[in-house]
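Participant: Chains A and B are the protein sequences, given in the same order.
Going by the UniProt record's numbering, the first sequence opens with residue 1, and the numbers climb by one from there.
Going by the UniProt record's numbering, the second sequence opens with residue 1, and the numbers climb by one from there.
These are computed hints drawn from the structure, not numbers from a lab.
Some clues are possibly wrong.
[Said to hold, decoys possible] Simulated pairs of lysine-lysine, DSSO-like, Cα-Cα distance not exceeding 27 angstroms:
hint	chain 1	residue 1	chain 2	residue 2
1	B	Lys337	A	Lys29
2	B	Lys281	A	Lys71
3	B	Lys289	A	Lys138
4	A	Lys29	B	Lys289
5	A	Lys29	B	Lys281
6	B	Lys289	A	Lys32
7	B	Lys337	A	Lys81
8	B	Lys337	A	Lys25
9	B	Lys281	A	Lys32
[Said to hold, decoys possible] Far from chain A by the CB rule (all over 12 angstroms, computed), these chain B residues:
hint	residue
10	Val39
11	Lys61
12	Asp62
13	Lys68
14	Gln339
All values derive from a computational prediction rather than experimental measurement.
Note that the Cβ used here is the ideal one computed from N, Cα and C, for glycine as well.
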Amino acid sequence: MFFHIVLERNMQLHPRHFGPHLRDKLVAKLMKDVEGTCSGRHGFVVAITGVDNIGKGLIRDGTGFVTFPVKYQCVVFRPFKGEILEAVVTMVNKMGFFAEAGPVQIFVSNHLIPDDMEFQSGDMPNYTTSDGSVKIQKDSEVRLKIIGTRVDATEIFCIGTIKDDFLGVINDPGAAS
Amino acid sequence: MGLNRLVKLAARAFYDDITTKGDNQPKTGRSDNRGMAVVVLDALTRCYTRCQWVREEDLAKDLKLHSKQLRCTLRFFEEEKLVTRDHRRETAKGAKIFSAAVAATADGGQIGKEGEEKIKMHTHFYCCLDYAQVALCRSESDKLAAQEMGDGVDNARRRRREKLKDMLQKMEYKCLFFLEVTSWKRMQAQLKPLIEQLSRVKDLAVPEFGSLQAWEARANAAGHAANGDSSANDSSKSSQGQGYGGTAMPFLGETRVEVALSGAEAKEEDTKPNTANMSMKVLPPWMIKQGMNLTKEQRGEAKQETKMDSSLAPAELSDDKKSKDEYAKAYYAAILKRQQEQEEENKRKQQELYNTNNAMNGVPDISSDRRVGMKSKRDEDGRDDDVEWEEAPTAGTHQLLPCFQMFVALSWVIRFFDK
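With the rest of the complex left out, here is chain B (with noise of 0.2 angstroms):
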């Protein structure tokens, strides 16, 4: 498309004033041919969509020109090395094999005629890339040609046109050093669009099609290779790629189409394509416990991962927060039944030694198995603290908050260097 686009500012830029020189021009009074170069121009961009390798006459008759007219104006943009041309003899069958090519109904009415001589044509995109220089060389041959207006438009742009064919041959660039500031930016100015286009397409791979039977018989083996049946339509409308249809990707290679009919190729289309692996799963490090008894590959030492439900992912992170509100509830249900639960039975072993000791001071005897601490101290504080739970409410961590960024991004850290 880039491409396409790029042919097209070209020929507006430069040839929109090309007149067929001295050729027998028709009565019927289309003396005017300035605009011809670019419709053919633009007309083999747009078969260019379709197929590649174009017959003179298929565009004569497009255009509604004369065949001579038209040989004399890609002639013309053949010298300037924009068109190949070819031409062969054919007969019914080579008119055939053309026709499976290129996919165009219209060739149905040559099979009958032998012996036919036939010319193509066929565009060369990679010497668009020279009008990167080309470009540059004719804002300063224009601005030769205006210095020297008094000549008349038509012959100085003549005169130019001469002048960059022989630029074409020195070093491009020293003509660059003569150029007044002000005319260089006013030819800047008018090429703009022409040279962002090539910008853009500079780095496009050029479409390159070989030679005429090259390009054939390619695009018959991918015909044949669609479907089996190189004169179906259908074949090789999917062999080119696009069809009639004409997308805005240029055809930049062959695409082929499988069809897989048995099924057995079908994918899954969530996670894990392997079911045959029902078996084996690699099992993640902490599940591993002592005595059991693994292969390796469960282990994990095949390096074989079983991914992720995805399907569970997306929905989650949305949810997160209203889910970890229900655990941090079912949190806290549990922290204050497991306190409630303690403080009644505290009360019970106080009531108890109350009743059969009176000597005791009542203090309670808390059950606790651990020996790290006084239970009853982080009771209290625990009720209080209830609400503040989630603000990490210990004297020790409330200077931690502002630097808990810094920590996590340091342990994103080492965990990359570990890993």
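Isolated chain A, as found in the complex (with noise of 0.2 angstroms):
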């Protein structure tokens, strides 16, 4: 899910960039330093739409370097346990598949796949009702709901299910809608 929250971050300033540019050069490195990565503990940033305050600068002992504290706010985006999200399918194999809903990364085991889809090898790997009615390969879009996610320092990864009602293929790619 999205959030709008506000973080706060020490940046450190090489005094090359000293000068009248100086608050516009530390939050160009903000944003060039910030977006696009992932904390444990707020996700991933998606992109940094302002900045607070800017406080005073400390100058730090034996190089030339100063840190800056930055108050910045910031869309990001965290799954939960639970969460109910529209994912694009990545990767196809017989131990179940990979779907990518922006930034994170969620597994789908075969055991929570419903049992009357098979794995097909092939070309196109996928999974496949018995009756051929639907299908999910490589750029489906389905419906999953997240069971669980594991939280590294920098990376979060979740497992998913798409075993309940309403879950499952949005939109196939192959099949005409």
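Using the hints, build the complex out of the two chains.
Facilitator: Encoded structure:
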């Protein structure tokens, strides 16, 4: 789920950037450093929406670097257990399939795929129902429910299921809708 | 350090009974020379932490021994291959070089003398490793000696020493077969600390100091490199790596000190050092959309990756649960709000329908864009299950909780194979 939160970070700036555009350079560096990263606590930082406050810079001993505490607002994405997401299938194998919902990768094990769907190997490995009506392959869109998240310091990884009501394929790229 | 201890143990184990044979003993009553070998070896190991080559005269002064006695002991050690000796004639200049290399302040007095012959010693530690075999032989030679106790202890020991020298020529392990178990155990117990130290030290790289000249040259070069001034005590001290403090670590190589004066070499402490790449950033794949004008680097194909802010990471894991609760609360609040809004909307619509058309059954027309399912059912269920949300309430999942660990493990395995 997406959140809009205020985070704080200490930015170090090299003296060569000191000058009239110090603040701009600081903000640019912040965006470069933070956007696209993931923390276990806040999730994936999707975009910085604004800078609230830049504190006084502290000169580090021994080097000329200066540390600025910066408060900024950003949009983060963090998956939760029990959340229902739409995701795009990226890989299918006999253990299950991987899907991506934006920055987060979700794995759906074959135990959590409805029993009537069987794995078909081949050029395009996929899961298909016995009558061939529903097919899950690469680039299919599925709605899944997250049943577990694994949070590292820099990565979030999820396990999902499509074995519930109203879950499963939304849009199959191969079939005519 | 390990080597020093080894030498000390070996000295105490094997050399505590050495007497200087037939030399002119001083009349001051220092007739008991038994411990001298141990003392000399100890002194050499001490000197070793300071500098590798030691002048014989200095050693005699330190130990307050007669130089002749010391020379005798050192000659004995040379035969035992524990010590290497070298002598040369040196002028005052040579003395200066030596003192610069050694950084010993006691050499100051030597500068005035010319043409003096100086003898230096140097401890060869690699020979200690031979003691692994010597120890084994020793033990059984002791056993043989014990059998011949009638001859008196001194003679037995002397004979033992001679036997040792012979054994070193032969296949040492042949002798082991003659041992009796009991005496061997006794010897082993006595030699245990020594053998332990040996095993500890066995793998340690033996410090090789080379010849005197080579060592001096090296020490001086290191001194030059450090500060450009060989006469400065600080530089030579730092080149030694430990100076007079005598740290625990043996001098295994040169330490070089580089002073970055300009500060241009100063690195960032936290994360990325290259602020020169400020304009270029590698975007993770999920940030890349179609139609974005990006360079190869930004697409990450150049394989330069920016690292996560590590300062955020450590504190977070501990607070994870708290923040999780906060997020969970926010999530629940959002869901509740949404449900309430929808309820109100439904009620409103119901009212409208009821008002406008009484014939209608009053079935709420749920405004839902979703083609997937019946929203009303879900809402009612959802409300009940609010409390149990975290516990994965639906029927299909209850059997999964025990298997979850397995799934996680499986998934990680797959991930590894994929990546």
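Participant: Does Lys281 of chain B lie within 27 angstroms of Lys29 of chain A when you go C-alpha to C-alpha?
Facilitator: Between Lys29 of chain A and Lys281 of chain B the Cα gap is close to 10 angstroms, so the pair holds against 27 angstroms.
Participant: So if I understand the rule, the pair passes when the alpha-carbon distance is 27 angstroms or less; does Lys29 of chain A with Lys289 of chain B pass?
Facilitator: It holds: about 22 angstroms lies between the C-alpha atoms, which stays within 27 angstroms.
Participant: If we take the beta carbon of Lys68 of chain B, is the closest beta carbon in chain A still more than 12 angstroms away?
Facilitator: holds, 56 angstroms
Participant: If I take the minimum Cβ distance from Gln339 of chain B to any residue of chain A, is it greater than 12 angstroms?
Facilitator: Answer for Gln339 of chain B: holds, closest chain A Cβ roughly 14 angstroms.
Participant: Is Lys281 of chain B close enough to Lys32 of chain A, meaning Cα to Cα at most 27 angstroms?
Facilitator: holds, 6 angstroms
Participant: Decide if the proposed pair is consistent with the structure: Lys337 of chain B and Lys81 of chain A, CA atoms, cutoff 27 angstroms inclusive.
Facilitator: Measuring from Cα to Cα gives roughly 19 angstroms; hence the hint holds.
Participant: Taking the shortest Cβ-to-Cβ distance between Val39 of chain B and chain A, state whether it exceeds 12 angstroms.
Facilitator: holds, 47 angstroms
Participant: Does the no-contact call for Asp62 of chain B survive, Cβ to all of chain A over 12 angstroms?
Facilitator: holds, 41 angstroms
Participant: Can you confirm whether the C-alpha distance between Lys281 of chain B and Lys71 of chain A stays at or below 27 angstroms?
Facilitator: holds, 21 angstroms
Participant: Assess, step by step, whether the Cα of Lys289 of chain B is no farther than 27 angstroms from the Cα of Lys32 of chain A, and give holds or violated.
Facilitator: holds, 17 angstroms
Participant: Closest CB-CB distance from Lys61 of chain B to chain A, is it above 12 angstroms?
Facilitator: holds, 44 angstroms
Participant: Decide if the proposed pair is consistent with the structure: Lys337 of chain B and Lys29 of chain A, CA atoms, cutoff 27 angstroms inclusive.
Facilitator: At roughly 38 angstroms apart (the allowed maximum being 27 angstroms), Lys29 of chain A and Lys337 of chain B break the hint.
This entry does not satisfy hints 1, 8, going by the numbered hints stated previously.
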